[in-house]
Amino acid sequence: MTTLSLDSVFRRVRDTGFYRSIVRHGAASTNRNRSLLVFENLFLHVHPVKVRARTLRFTHTYWLGGIALACALVLVATGVLLMFYYHPSVPQAYRDMKELEFVVDDGLFLRNMHRWAAHLMVFATFLHMMRVFFHRAYRPPRQFNWVVGVVLLLVTLLLSYTGYLLPWDQLAFWGVSVGTNMAKTAPLIGEKARFLLLGGNIVSENALLRFYVLHCVVLPVALLLMLSVHIWRVRKDGGVQGPPEPPPDREEVR
Amino acid sequence: MSTVPPIDVVDSVDPVSVPKRIALVRPDRRPAVRTTEEKYVMTFPNLIVREVVLFQIVVIGLALAAIAFDAPLEGIANPLETPNPAMAPWYFLGLQELLHYFPPVVAGVLMPLLVVVALVVIPYARINLTAGPLWQGSGTHRAIVVFVAGGVIVGLFAVFRCWPIVVPTVAVLLAMFAARGSSGRVRSLLAKVTLPEWIMAWFAIVATVLTVIGTFFRGPGWSFVWPWTRAVGF
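In order, the protein sequences belong to chains A and B.
With the working numbering, the residue at position 151 of the first sequence is 151, and numbering never jumps.
Positions in the second sequence are counted from 1; adding 1000 to them yields the working numbering.
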């Protein structure tokens, strides 16, 4: 009789034909299988199989881009759940906030988490940009990825800003009124851009619907696309760049 | 030394043929290989586990924040009842603070546009490529240029009575000139800072000061108030 340990259960699952049809390599106990684990996985293969040891140090990147990405994932998860309880119409949008608070299980928790994650994402993205600048990590060959990063910062701000209107309370209404009044002053296109954004001359039900569509469809898709380019380019441009380093030690004739 | 004829690179245009790779070593060059003593580790588990732990820390931190602090919710939106002051979200309060000193087209359009353009051109303007400290090997000429440029910026913002920019700008200029001496620990640290780093630090400090004032120190009619006299909504 064999003893039933967690390890033996894992081994049995790993040996089934079904499991091996999904994950083709064995346990990640050899460096070959550890390579395949990264190499054969759609999501992990943005990583190389091996990384420079020094890039793992905390002070190399302060993990700021990772924090922003983690926030984005939390925001998608909580945002989709919030969408089940939300109607982008006046006054139902505001009533849904009250429903979330008093009726929906963990509704307030979901809304809180979505809001704090949004604030943290804006903050982490800004700090990430500062880190990259002071580490001079925008230098060739990373010029274009810096530009993608600036676009990502703007998309993050727009995402946060369009979400700000959705609760349809006084804070949301006047926050967006103040912001869009600033846009109005832009020469030539200001008035027209504001009309396009709000679907009218004042913040109204039309504006709520437009901000909702921008917040839940257009901007998240834009973020996903730009984020894919950004992360892929990190790999293509030679991995994460930390503090400036001296040039390679020496040349060797082979 | 014999002259080396220029190497012709011919790009194949035939889509059916299989490209061949040929390495050419010019006679005046060595086939040198750069080597480093750099240590590499397996991505799994070293990097992947750290990423998972980071994600867990962020999720747990946010969950604790969500339990401890409730997102604000005021009364239902009412276009007829304007709160005083009406405030944008915190990350735009720096801009709203500027609106207090400058015409809307300057504060709301021109300045943000300038910031975005400045950020985009950073990697293309050969900024900080060599990273020489600001005062390295410089005479009084550079000091005069920096002093005049700083003076113009301070003067410009002083005309608009924009003290939240004037004061940090003066502070940064003082630090810049303090770095000209090389004695003392703080000074020798400051002496390594390059000009683009001074400018970015100045931008970050000004943006932070404006945002903090706009968020915590503004009351009815955008008057200066102490933060404990009013509720702050995020």
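Keep in mind the hints are simulated off the structure, nothing from the lab.
Mixed in with the good hints, there may be bad ones.
Derived DEER-like restraints, expressed as beta-carbon distance ranges [as the list claims (entries may be wrong)]:
#, chain 1, residue 1, chain 2, residue 2, range
1, A, Ser228, B, Leu1054, 35 to 43 angstroms
2, B, Gly1155, A, Pro244, 51 to 59 angstroms
3, B, Ser1138, A, Glu40, 51 to 59 angstroms
Partial selection, computed: residues in chain B whose CB lies under 10 angstroms from chain A [to be verified]:
#, residue
4, Thr1043
5, Thr1194
6, Trp1228
In silico BS3-like cross-links for lysine-lysine, where the CA-CA straight-line distance does not exceed 27 angstroms [as the list claims (entries may be wrong)]:
#, chain 1, residue 1, chain 2, residue 2
7, A, Lys50, A, Lys192
8, A, Lys236, B, Lys1039
9, A, Lys50, B, Lys1192
Just so you know, these numbers come straight off a predicted model, no measurement behind them.
Ideal Cβ positions, reconstructed from N, Cα and C, are used throughout, including at glycine.
These are the hints, each one checked on the structure:
1. A hinted range of 35 to 43 angstroms for the beta carbons of Ser228(A) and Leu1054(B) is inconsistent with their spacing of about 20 angstroms.
2. Between Gly1155(B) and Pro244(A) the beta carbon distance is about 35 angstroms. The supplied range of 51 to 59 angstroms is therefore violated.
3. Hint check: Ser1138(B) to Glu40(A), Cβ distance near 55 angstroms, so the stated range 51 to 59 angstroms holds.
4. Proximity of Thr1043(B) to chain A holds as hinted, the smallest CB-CB distance being about 5 angstroms (cut-off 10 angstroms).
5. Satisfaction of the interface hint for Thr1194(B) is found here, the shortest Cβ-Cβ separation to chain A being roughly 9 angstroms, below the 10 angstroms cut-off.
6. Given the 10 angstroms rule on beta carbons, the hint for Trp1228(B) is violated: about 20 angstroms separates it from the nearest Cβ of chain A.
7. The hinted pair formed by Lys50(A) and Lys192(A) fails the criterion: a straight-line CA distance of about 52 angstroms is larger than 27 angstroms.
8. For the proposed pair Lys236(A) and Lys1039(B), the alpha carbon gap of about 20 angstroms is at most 27 angstroms, so the pair holds.
9. With a C-alpha separation of about 34 angstroms, the suggested pair Lys50(A) and Lys1192(B) falls outside the 27 angstroms cut-off, and the hint is violated.
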